[in-house]
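Peer 1: In case you want the letters, here they are:
Protein chains: 2
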Amino acid sequence: MNMMAYEYDGDMIVVDCGIMFPDAELLGVDIVVPDFTYVRQNRERLRAIILTHAHEDHIGGLPYLLDEVDAPVYGSPFTLALARAKLEEHGLADSTRLVEMQPSQPFNVGAFQVEFIHLTHSTIESGALALTTPLGTVIHSGDFKFDPTPPDQRVSDLHTLADYGRRGVLALFSDSTNIERPGLTPSERAVRGRLSDIISEAPGRVLISCFATSLHRLQIVAELALEHGRRLCFVGRSMFQNSEIAMRLGKLRIPEGLLIPPQDIKKLPRNKVALVLTGSQGEPMAALSRVAVDNHRWVSVEPGDEVVISARVIPGNEKPIFRMIDHFYRRGARVYYQDGSQPPIHVSGHGSAEELKLMLNLVRPKYFIPIHGEYRQLYRHLELAKELAAVSEEGFLIESGDVLEFDEQGARRAGRVPVGRVCIDVGTFDEVEEIILKERRHISADGIVIPILAINEHTGQLEIQPEIVSRGFVPLEEAPDLVESAREVILKTIEKSNLEEVGDWGVIKEKIRTGLRKHFNEQTGKRPMILPVVLEV
Amino acid sequence: MNMMAYEYDGDMIVVDCGIMFPDAELLGVDIVVPDFTYVRQNRERLRAIILTHAHEDHIGGLPYLLDEVDAPVYGSPFTLALARAKLEEHGLADSTRLVEMQPSQPFNVGAFQVEFIHLTHSTIESGALALTTPLGTVIHSGDFKFDPTPPDQRVSDLHTLADYGRRGVLALFSDSTNIERPGLTPSERAVRGRLSDIISEAPGRVLISCFATSLHRLQIVAELALEHGRRLCFVGRSMFQNSEIAMRLGKLRIPEGLLIPPQDIKKLPRNKVALVLTGSQGEPMAALSRVAVDNHRWVSVEPGDEVVISARVIPGNEKPIFRMIDHFYRRGARVYYQDGSQPPIHVSGHGSAEELKLMLNLVRPKYFIPIHGEYRQLYRHLELAKELAAVSEEGFLIESGDVLEFDEQGARRAGRVPVGRVCIDVGTFDEVEEIILKERRHISADGIVIPILAINEHTGQLEIQPEIVSRGFVPLEEAPDLVESAREVILKTIEKSNLEEVGDWGVIKEKIRTGLRKHFNEQTGKRPMILPVVLEV
Chain A
62 MNMMAYEYDG
72 DMIVVDCGIM
82 FPDAELLGVD
92 IVVPDFTYVR
102 QNRERLRAII
112 LTHAHEDHIG
122 GLPYLLDEVD
132 APVYGSPFTL
142 ALARAKLEEH
152 GLADSTRLVE
162 MQPSQPFNVG
172 AFQVEFIHLT
182 HSTIESGALA
192 LTTPLGTVIH
202 SGDFKFDPTP
212 PDQRVSDLHT
222 LADYGRRGVL
232 ALFSDSTNIE
242 RPGLTPSERA
252 VRGRLSDIIS
262 EAPGRVLISC
272 FATSLHRLQI
282 VAELALEHGR
292 RLCFVGRSMF
302 QNSEIAMRLG
312 KLRIPEGLLI
322 PPQDIKKLPR
332 NKVALVLTGS
342 QGEPMAALSR
352 VAVDNHRWVS
362 VEPGDEVVIS
372 ARVIPGNEKP
382 IFRMIDHFYR
392 RGARVYYQDG
402 SQPPIHVSGH
412 GSAEELKLML
422 NLVRPKYFIP
432 IHGEYRQLYR
442 HLELAKELAA
452 VSEEGFLIES
462 GDVLEFDEQG
472 ARRAGRVPVG
482 RVCIDVGTFD
492 EVEEIILKER
502 RHISADGIVI
512 PILAINEHTG
522 QLEIQPEIVS
532 RGFVPLEEAP
542 DLVESAREVI
552 LKTIEKSNLE
562 EVGDWGVIKE
572 KIRTGLRKHF
582 NEQTGKRPMI
592 LPVVLEV
Chain B
62 MNMMAYEYDG
72 DMIVVDCGIM
82 FPDAELLGVD
92 IVVPDFTYVR
102 QNRERLRAII
112 LTHAHEDHIG
122 GLPYLLDEVD
132 APVYGSPFTL
142 ALARAKLEEH
152 GLADSTRLVE
162 MQPSQPFNVG
172 AFQVEFIHLT
182 HSTIESGALA
192 LTTPLGTVIH
202 SGDFKFDPTP
212 PDQRVSDLHT
222 LADYGRRGVL
232 ALFSDSTNIE
242 RPGLTPSERA
252 VRGRLSDIIS
262 EAPGRVLISC
272 FATSLHRLQI
282 VAELALEHGR
292 RLCFVGRSMF
302 QNSEIAMRLG
312 KLRIPEGLLI
322 PPQDIKKLPR
332 NKVALVLTGS
342 QGEPMAALSR
352 VAVDNHRWVS
362 VEPGDEVVIS
372 ARVIPGNEKP
382 IFRMIDHFYR
392 RGARVYYQDG
402 SQPPIHVSGH
412 GSAEELKLML
422 NLVRPKYFIP
432 IHGEYRQLYR
442 HLELAKELAA
452 VSEEGFLIES
462 GDVLEFDEQG
472 ARRAGRVPVG
482 RVCIDVGTFD
492 EVEEIILKER
502 RHISADGIVI
512 PILAINEHTG
522 QLEIQPEIVS
532 RGFVPLEEAP
542 DLVESAREVI
552 LKTIEKSNLE
562 EVGDWGVIKE
572 KIRTGLRKHF
582 NEQTGKRPMI
592 LPVVLEV
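Protein sequence lines correspond, in order, to chains A and B. In this text, residue positions in the first sequence follow the working numbering: the first is 62, and each later residue adds one. In this text, residue positions in the second sequence follow the working numbering: the first is 62, and each later residue adds one.
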């Protein structure tokens, strides 16, 4: 979850505010946002939230942050348009001031002068930030690659980076995502040839799935559809919404009459239509997955159709993606996905090792701090920097929560602030607490057993035999001996307790829990959650 | 889970019997074995279980199968030695007849003549099976690659495959694992150069992790340790056990005095020892993971040590593996893993597309059936075969459970037999039933709520206010309003029910469940499992 606070004197700027999609360990959690405690506690110093680009892992947490603090949000027109759509869903659009920023048009926020420097990435209007204070300039790279031939011909602003480098940069904070890849990341244009071959030779429908923010990809498909006499259709909520926004802003140029609505797909011959769909990660409710199991209102596939997954397989999503691919093969469709074949069906939006070197050599900062990556990637990025002569002073490997302090004397670590993740259930936008997750994890491993005791409030005696119910544990109806022996454990526990203990439900419950835990472990090898309930009747 | 039954007249042979390690969807399940129903129902025809090689996904299910049926087990000496160790753990070693088979020494099992054909793979003594009946010969490839330079110099027996091909083969069943990779898989020898560089330049300890069955890898490390003046130590239970077995069988040649026990590691200078450890997949209890968090009895790392993960990242294991790598980096160790850099730190044991073509061209069967792979891989293997002139009759894409029937007239699909997966809890070796998993999945998403009613058995009236406990749901102690309103739902449900309904606990429980489900969904957006309990006091 990308989020960074820069401070000078009494002014704080937050750069980006992303979300993460949870892994399987986070049972029942829909999204994960950063812990905003530090920003909340220092909200009176917060002057701006600045967004580097429109990806979910950089803007998705914005509504949750703005629920707790108040600050103007800066971003490019496209980024702000997508952010606005999010804020509208949360009812925050009216109460938030959105301020457009343009590359090479510096502006002031508190003590900071901010310049947005255009860099290429897999989405449009992406860039770095130059944050200048009396101490010097900090460059925050955002996500970038140095694409020499972006489809919109807007190459990275190497000149401005070079200018800053020439004048002297205090610190560079640079993206480490692809540090492990040697060489250069291929241009966004590289997928054009492959997509063109597929579309030109396709006997039936062509379904192309990519991220809805991959504007370059959308533009390429639109151009190829036109070239090959196919109508174009965007399918899926975010694909429809983002393409609408991009067209409105003039960032996606689609000739009059090319676009059709999904309900018209069936009216056209199969070889006269190209679709762009959401769902490249096999998300079960997204368009592509629904088409794969023939459960989409407007779209279906038949033998002879082609399905193109023009996105990377995000680690952790292999199973749903390949399950979806298998469904398409079973329906006779031909599926293209990132299998290492060349030319590529997808290219990364992040620069590889040689591009990271170029960034370092252009900016040549005094201090270098790798960001955006796991520990091993930050470590390797720092090692890479040591091979160059670019960093004149020092590199720092800092992790989430670490504070780095700069002054006239230099730079140094300066303690930590609270950070972490907050799990959100999107049904309610509520936080799912860690204790709840722990309970779910415990129950999900070996189930739950609930022994219920009805104790007479006057005599302190059991009114009836203890009742035992369970779920996710061995089926108790099939194990009467186990139920009987568990009852005996409960009765013995009560027998052996003195009156004072029986009177204290907390004690008796704990003793029953301990006794049953041991008993079930011996009898079944399992460690279910045990939740004794005492009813005073 | 690799397992295949071949039948002719009244004789059945089962080839391999593997296990799978479960994904996160299988809560609390330790391993998955095949459903043996068909073999069990036809056990009187079962003549032999034949193992193609010693990998877990080919032999791991053997003890579970032999728990249900009785048959001799055929395998190479090394494969049988590993199988025997498994059977001993399950108390089945004495009751099972293990029969050694050697390459190029055909033997008869019922109506079948069986020949084991040596092929190269990532473990030793791996091979294909030629199963000959009066109808012709079927070749079952097992897992293979055509490694021209295996470390033990035992190349694949191309000549025997060619002989069968010349005489005519009825059907080829061939491994599809690496169909998506173009070209040739590098030789096992390819990792030697990289490992040699690492070991020769290492200032401290070298820790190398690979699968304990990767005998070629073990042999290479032993040779390099000797070359570079380091003592060798195997760490981890299966690494120790497999190396012992292999040395005893003369399959792992380690010079006298090279090997040390783990407790002696600390006595040697750090640059005088090379370790081979289990745990390449980040398994939390395996040696490497324990070293990573400094929780291993005999081994620790320091800055200057080198950690080599000489294995592929099995999809689904990315998170634990990379978490482990991060831990090593934090301790200052240098970590080498499969990051695409050349020369490789690991090579696959499965042949790539050109090797699969060579297999097809050598065997040139009448019928071709791709095996070992997901649907898309089988599909692509079949497509590959269509590009060649190797298959004279037909290819079949069959999935688990499909029956393929051969006779003088040809080959055809012939229905299905029951197949599936059986989930095992290794604590007890018990099967985890699907209903239990469903319950765990339900609870793990939104938690569980247990409303408890104490009803007077004489009056049919509630004795006390309904009690409500929950786990994994919203913390009820912090939501008194929710508890109160839920109580009201319960009371209203009982009020509105007639006497007959209240008398029938099944009905009243279902009505309460329905009422509370609706109530909680409206109030919290969550759908916990609701488990009403009625106590008659």
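No lab work stands behind these hints: they were computed from the structure. Note that the Cβ used here is the ideal one computed from N, Cα and C, for glycine as well. Some hints could be false.
Below, in silico cross-link-like pairs of lysine-lysine (BS3-like), each with a Cα-Cα straight-line distance of 30 Å or less [said to hold, decoys possible]:
#1 B/Lys380 / A/Lys499
#2 A/Lys572 / A/Lys553
#3 A/Lys587 / B/Lys553
#4 B/Lys570 / B/Lys553
#5 B/Lys147 / A/Lys499
#6 A/Lys570 / B/Lys380
#7 A/Lys499 / B/Lys557
#8 A/Lys447 / B/Lys333
#9 A/Lys570 / B/Lys147
Reference excerpt, derived from the structure (chain A facing chain B, CB under 7 Å, subset only) [claimed, not checked]:
#10 Glu262
#11 Arg373
#12 Pro376
#13 Glu435
#14 Ile504
For each label pair, taking beta carbons as the anchor points, the in silico distance ranges come out as [to be verified]:
#15 A/Pro209 / B/Lys579: 27 to 33 Å
#16 A/Gln399 / B/Gln526: 58 to 64 Å
#17 B/Glu460 / A/Val130: 50 to 56 Å
Peer 1: Each hint: holds or not?
Peer 2: Verification of the hints:
no.: 1; hint: B/Lys380 / A/Lys499; verdict: 19 Å, holds
no.: 2; hint: A/Lys572 / A/Lys553; verdict: 11 Å, holds
no.: 3; hint: A/Lys587 / B/Lys553; verdict: 39 Å, violated
no.: 4; hint: B/Lys570 / B/Lys553; verdict: 13 Å, holds
no.: 5; hint: B/Lys147 / A/Lys499; verdict: 34 Å, violated
no.: 6; hint: A/Lys570 / B/Lys380; verdict: 38 Å, violated
no.: 7; hint: A/Lys499 / B/Lys557; verdict: 38 Å, violated
no.: 8; hint: A/Lys447 / B/Lys333; verdict: 29 Å, holds
no.: 9; hint: A/Lys570 / B/Lys147; verdict: 42 Å, violated
no.: 10; hint: Glu262; verdict: 15 Å, violated
no.: 11; hint: Arg373; verdict: 13 Å, violated
no.: 12; hint: Pro376; verdict: 4 Å, holds
no.: 13; hint: Glu435; verdict: 6 Å, holds
no.: 14; hint: Ile504; verdict: 5 Å, holds
no.: 15; hint: A/Pro209 / B/Lys579: 27 to 33 Å; verdict: 59 Å, violated
no.: 16; hint: A/Gln399 / B/Gln526: 58 to 64 Å; verdict: 59 Å, holds
no.: 17; hint: B/Glu460 / A/Val130: 50 to 56 Å; verdict: 54 Å, holds
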